[in-house]
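Hey, can you work out the whole structure from these sequences and the hints?
Going down the list, the sequences are from chains G and E. To convert, note that position 689 of the first sequence is 732 in the numbering used here; the numbers rise steadily by one, no gaps. To convert, note that position 3 of the second sequence is 222 in the numbering used here; the numbers rise steadily by one, no gaps.
Some hints could be false.
What the hints assert, rightly or not - Selected chain G positions facing chain E (Cβ under 7 Å, derived; list incomplete):
1. 172
2. 173
3. 470
4. 656
To be verified - Ranges between beta-carbon positions, derived for each pair:
5. E/319 <-> G/174: 20 to 28 Å
6. G/864 <-> E/374: 56 to 64 Å
7. E/313 <-> G/172: 19 to 27 Å
8. G/365 <-> E/224: 36 to 44 Å
9. G/351 <-> E/284: 55 to 63 Å
10. E/319 <-> G/611: 53 to 61 Å
11. E/319 <-> G/734: 20 to 28 Å
12. G/832 <-> E/284: 46 to 54 Å
If you are wondering where the hints come from, they were derived from the structure by calculation, not from laboratory data. Idealized CB from N, CA, C, for every residue including glycine.
What follows is the residue order along each chain.
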Amino acid sequence: MADRIADIWGARTPHGADSPWPVRVDQYLAEGVPEGEVQWVPSACVLCSNGCGMDIAVHSGQIVGVRGRASDRVSHGRLGPKGLFGWQANNSPDRLTEPLVRRDGELRPASWDEAMGLVVERSRQVLDEHGPLAMGFYNSGQLFLEDYYTLSLLVRAGIGTPHLDGNTRLCTATADFALKETFGTDGDPGSLRDFDLCDTIFAVGHNIAETQTVLWARILDRLHGPDRPRLVVVDPRRTAVAREADVHLPIRNGTNLALLNGIQHELIANDRVDRAFVDAHTVGFDQLAAIVADYPPERVAEICGVPAEDIRAAARILGSADRLVSTCLQGVYQSHQATASACQVNNINLLRGMIGEPGRTVFQMNGQPTAQNTRETGANGDMTALRNWQNPDHVADLARIWNVDPLQIPTWAPPTHVMQIFRHAETGSIRFLWIVGTNPAVSLPELHRIRSILAQENLFVVVSDAFLNETGHLADVVLPAAVWGEKTGTFTNHDRTVHLSVKAVDPPGQARPDMDIFLDYATRMELKDKDGAPLIPWRTPEECFEAFKRVTAGRPCDYSGLSYEKLRGSPGIQWPCNENAPEGTERLYADHQFNTDTDYCEDYGHDLATGAAHERNDHAALRTNGRAILKSTHYLPPHEAPSEEFPLLYTTGRTVYHWHTRTKSRRAPQLNAAAPEMWVELAAGDAERLGVREGDLVRVESARGAIEARAHVSGVREGVVFAPFHYGYWDLPDGGATDGDPTENGATGDGPGGNGRRRAANELTVTEWDPVSHQPLFKVAAVRVEKVADGGGVPSPAPTTTTARPVSGDAPGTSGGDGVRETVEEAREETR
Amino acid sequence: MRVDTAISEVQDAELDLAKQLHRVRERHTAEPDVHHLGNTLAHRCEEHVRRLAPFAERYGAPVREPHVGSPRLLDALRRKSGELLGHSELAGPLLLRDLCDLSLAAHEVEIAWVILGQVAQAVRDRELLQVVTTCHEDTRMCEKWLRTRIKQVAPQVLVAG
Ligand code: SF4
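Quick look at the structure:
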């Protein structure tokens with residue numbers, strides 16, 4: 044039995060590019076469960092965007108464990124720590140089991156009728172007095188496709204407001220926009236199998252080892268195999284990924300674009316460009332070449348703070364790759380000039396002519412498990428089925444399928460992003476906000492501002508969630524939601540693999556699936572189509588899925604060839620799946636024809652520097668003819684730079700053991716024990732200057748607030764402070780009442796620090812976003828650090844197993860994930 | 220030949236736009252995109268003026284210097300009132316008005332570049348034409364960004380506000 048808290052990625056099964064990734068089935072059952080009596084229900088993991096296929100173990104009506112599915116194309120049987128242990132949150136005794144309604148200032152239990160009655164009454168009142176623009180909806184990246192599609196139709200055609208976004212805005216909006224800018228539509232072109240086949244990996248701001256552990260296990264098996272791919276890593280922290288790299292570029296946060304321009308400078312200057320491919324399949328090369336000409340390695344070295352020679356070395360590796368897989372994530376998406384930088388990663392593969400073929404692709408990775416579905420269904424800032432909101436034909440088509448007047452669908456401007464939704468609420472023009480399965484009171488930037496908005500008198504807040512989190516505490520109505528394992532539905536990972544997750548157990552108490560809650564609301568609101576029939580005709584997840592198939596037919600994310608039957612227990616099937624490709628499609632753009640036709644594309648594109656939206660004529664003038672678009676722009680310094688007052692750069696990120704604001708992972712004992720408390724990371728040099736030793740209590744302060752946490756001296760870049768973003772207030776020993784409970788002191792909009800000790804990383808972050816994707820900036824802020832109390836030599840609570848590995852090695856190793864069975868299978872036929 | 224006039228027109232219009240952008244960004248500190256992009260765009264205007272300086276000299280146009288210096292008292296006051304305004308219901312209408320004013324100012328710059336571009340061609344000044352082409356494109360992006368933002372804010376202010 045393995046301890047998969049201590050050994051995050053599990054046993055190695057090395058292989059070369061010429062043989063398939065071996066199967067290793069990981070299983071964890073709660074202690075004492077009689078394995079023979081367990082019933083296995085097919086599902087997939089919803090704790091990150093990898094979406095590993097798994098079966099849920101059920102015994103006596105309870106979830107008692109999980110195992111990876113050997114045939115699964117994503118995981119080949121593996122599960123990571125979150126997948127193995129996270130399910131225990133379902134059984135947590137503090138689940139929400141009945142609706143709550145605020146009366147006399149307190150949340151009190153109520154019946155569904157009472158709670159929904161109140162939600163409907165207030166919706167009607169706001170709609171009558173102020174119209175649909177006073178209504179806002181903010182949802183999650185962890186629901187199922189069926190939940191999202193129901194919500195999308197309800198809000199866009201029923202309520203008719205553009206104010207619908209998902210928390211995917213915080214994680215993958217930039218992936219979405221970068222794909223649209225370059226390739227015409229959303230959808231990652233490649234296959235996870237490309238990691239098995241490549242000879243070079245370029246990871247930009249992507250800590251794969253902690254964000255998608257099974258994918259990192261997959262890559263490790265190549266790195267430790269016979270024909271090791273070369274690895275270039277860009278990350279200001281010395282992550283587990285960086286430790287494996289041939290070249291690690293620990294650049295200053297906020298300078299991605301300068302670096303990527305510099306690398307392209309080298310590719311062009313050293314004639315490492317596939318000119319035939321570029322000429323035949325791209326537009327925009329001349330402009331790109333003119334811009335990157337300004338970024339010779341010496342200049343870039345100065346901007347980014349890494350040696351020019353290392354930049355050259357990185358470019359040489361990328362320039363000599365034959366099968367290059369590039370990948371990026373939050374280090375790009377949540378940083379300065381996010382979309383512009385993500386587009387340059389696309390460009391690098393295009394300059395090398397490496398896309399659409401085995402081992403040659405670029406991944407604009409997702410963060411959350413079902414982020415792809417918010418985008419496809421249009422429950423975030425997109426139109427359903429990758430339609431273009433600026434294209435009247437696309438809107439008319441959607442209106443025809445939905446049987447509503449096209450004018451009912453708000454398309455006069457792009458769908459409103461969450462930061463703007465909160466801004467409208469702040470100035471009072473949004474008066475009703477429904478928050479579904481997400482926790483903005485901890486996850487959005489500049490928390491004191493967010494708390495004060497949520498607490499505003501004139502804003503009616505509805506929260507549906509499985510647990511009462513920090514946001515729920517500020518709500519007027521709280522609705523108990525069912526989660527994964529308690530409802531049936533589908534979801535899609537970052538390589539377009541669709542899985543069906545089958546209901547394994549009943550939800551606790553009166554909790555209901557989100558889709559059912561939306562359907563109930565739509566019925567009570569009497570939302571109708573233009574012939575007076577109910578706007579949302581479905582009642583079950585499967586009926587909803589069938590409707591979604593119809594709305595995606597002919598679009599890039601074509602689901603029309605899929606069915607619940609086909610998906611049940613399958614290895615996972617990649618869209619597009621239709622008559623022409625009944626088994627799905629492993630790679631997009633195999634013919635190097637991209638989705639950039641003006642009539643077909645999802646977006647007419649943006650000016651990367653300002654975010655100015657191009658219009659139809661601008662796009663048509665590009666004469667793309669199915670060619671990809673090489674977008675380019677100049678590096679600009681971040682708006683908030685270190686100063687005398689705030690001399691250090693601040694960045695936030697995750698730890699492998701937690702998910703989001705720990706709503707689930709805090710309730711899985713092994714995961715919680717591995718990373719129980721907030722910490723902040725300092726570089727050894729900075730710590731010494733500040734007189735801080737491992738474990739000391741420090742105060743980190745920005746212009747917006749302050750937090751206190753124990754210092755961890757780690758391999759972060761000098762001048763940079765790192766804070767994990769998971770820790771909020773709900774689980775503090777005194778329930779948070781005196782220690783930063785949002786309802787106690789945040790609501791009054793107290794200044795920096797407040798009157799309690801704060802610890803959430805987002806107290807310090809800045810209210811700013813990327814001009815194109817509108818993804819908030821979590822990776823660039825200026826702070827100062829001072830020591831508050833001596834730690835007495837006790838090390839910080841940071842896990843020792845990953846990036847946070849201490850620089851001096853006397854902390855006890857993180858462990859406690861015993862009881863996992865790993866079964867390596869003999870070589871078997873490759874599954875797609 | 221009145222090439223100097225065409226250059227001065229552009230420079231004056233750019234400086235005026237820069238001034239307005241600075242004002243608006245200080246007034247709307249609670250709108251981060253306006254606040255930050257306002258700064259970037261204002262600096263672009265000033266950069267344009269600088270790029271025209273050698274041509275101003277060549278054609279005998281008066282020297283125009285972008286205003287540089289620490290934020291003045293008025294800016295600080297604007298910033299303070301911007302912070303107070305941040306929560307007020309008036310913030311939206313004022314933002315819309317400011318964006319419309321900016322859009323008009325940007326349009327003046329744009330037309331001034333069109334004229335200078337014509338003049339540069341007529342006098343066969345290839346160097347000048349090159350500067351005009353890039354700067355003109357920047358101005359068009361600025362206009363376009365303003366249009367994008369106005370489209371988004373107008374219904375919220377005028378229908379829901
Ligand atoms: S890699 Fe992601 S999807 Fe797979 S088991 Fe881990 S958390 Fe779940």
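Tested hints:
{"no.": "1", "hint": "172", "result": "10 Å, violated"}
{"no.": "2", "hint": "173", "result": "5 Å, holds"}
{"no.": "3", "hint": "470", "result": "5 Å, holds"}
{"no.": "4", "hint": "656", "result": "5 Å, holds"}
{"no.": "5", "hint": "E/319 <-> G/174: 20 to 28 Å", "result": "22 Å, holds"}
{"no.": "6", "hint": "G/864 <-> E/374: 56 to 64 Å", "result": "58 Å, holds"}
{"no.": "7", "hint": "E/313 <-> G/172: 19 to 27 Å", "result": "23 Å, holds"}
{"no.": "8", "hint": "G/365 <-> E/224: 36 to 44 Å", "result": "59 Å, violated"}
{"no.": "9", "hint": "G/351 <-> E/284: 55 to 63 Å", "result": "35 Å, violated"}
{"no.": "10", "hint": "E/319 <-> G/611: 53 to 61 Å", "result": "56 Å, holds"}
{"no.": "11", "hint": "E/319 <-> G/734: 20 to 28 Å", "result": "54 Å, violated"}
{"no.": "12", "hint": "G/832 <-> E/284: 46 to 54 Å", "result": "53 Å, holds"}
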